[in-house]
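*Asks:* Whenever a hint applies, use it, and build me the whole structure from the sequences.
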Amino acid sequence: MFASRQLIALETRKGFLRDRIALRRARAVIEARRVARPLHVIEDLYAQWRRLSPVLKTLGVPFALWTGRRAWKRRRGVLGTALRWTPMIIAAVRGFQQARR
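Note that our numbering has the sequence shown beginning at 1, numbered continuously upward.
Think of the hints as simulated: they come from the structure by calculation, not from any bench. It is possible that some hints are incorrect.
[Unchecked claim] Computed spacing ranges between beta-carbons, pair by pair:
1. 25 with 45: 28 to 38 Å
2. 79 with 27: 38 to 48 Å
3. 67 with 45: 17 to 27 Å
4. 79 with 17: 55 to 65 Å
5. 59 with 36: 26 to 36 Å
6. 35 with 10: 34 to 44 Å
7. 19 with 61: 55 to 65 Å
8. 65 with 22: 47 to 57 Å
9. 22 with 78: 57 to 67 Å
10. 58 with 79: 21 to 31 Å
11. 59 with 32: 36 to 46 Å
12. 59 with 19: 51 to 61 Å
13. 35 with 15: 25 to 35 Å
14. 84 with 59: 23 to 33 Å
All C-beta atoms in this analysis are idealised placements derived from N, C-alpha and C, irrespective of residue type, glycine included.
*Replies:* In structure tokens, the structure reads:
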């Protein structure tokens, strides 16, 4: 079938291909770890949040809203004013739309 020189050449080529495949696999693993690093951080934060007691979560939401309101009151610019009046504007627009029908 094949001459021994051809078999030796094919065997050598096969060895080079295997080495190249192994190198590419190793590089792919390194890149996958680099890409997944932020996902691990998010996953860890989510796991910590799930471990908190429900009571702490219940108290945390009003506290966050309270501190957020205090921050908005101190620095109320155009955005703060717009956010403050948005619910009333939306209600008025809905009222006009219902009156039109």
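*Asks:* Against each hint, give a clear statement of whether it holds in the structure.
*Replies:* Status of the hints after comparison with the structure:
The hinted range of 28 to 38 Å is satisfied by residue 25 and residue 45, whose Cβ atoms lie roughly 31 Å apart. Remark: the range hint 38 to 48 Å for residue 79 to residue 27 is upheld by a beta-carbon distance near 46 Å. A C-beta distance of roughly 20 Å is found between residue 67 and residue 45, which places it inside the suggested range of 17 to 27 Å. Remark: the range hint 55 to 65 Å for residue 79 to residue 17 is upheld by a beta-carbon distance near 60 Å.
At about 34 Å, the CB distance of residue 59 to residue 36 agrees with the hint of 26 to 36 Å. Distance hint for residue 35 and residue 10: a CB-CB separation of about 37 Å, consistent with the stated range 34 to 44 Å. A beta carbon spacing of about 57 Å between residue 19 and residue 61 agrees with the range 55 to 65 Å that was offered as a hint. Distance hint check for residue 65 and residue 22: the Cβ-Cβ separation is about 55 Å, which falls inside the suggested range of 47 to 57 Å.
Between residue 22 and residue 78 the Cβ separation comes to about 59 Å, which falls inside the hinted range of 57 to 67 Å. The given range of 21 to 31 Å is respected by residue 58 and residue 79, whose C-beta atoms sit roughly 29 Å from each other. The supplied range of 36 to 46 Å is met by residue 59 and residue 32, whose beta-carbon atoms lie about 40 Å from each other. At about 59 Å, the CB distance of residue 59 to residue 19 agrees with the hint of 51 to 61 Å.
Between residue 35 and residue 15 the CB atoms are about 31 Å apart, so this pair conforms to the stated range of 25 to 35 Å. At roughly 25 Å, the beta-carbon separation of residue 84 and residue 59 lies within the given 23 to 33 Å, and the hint holds.
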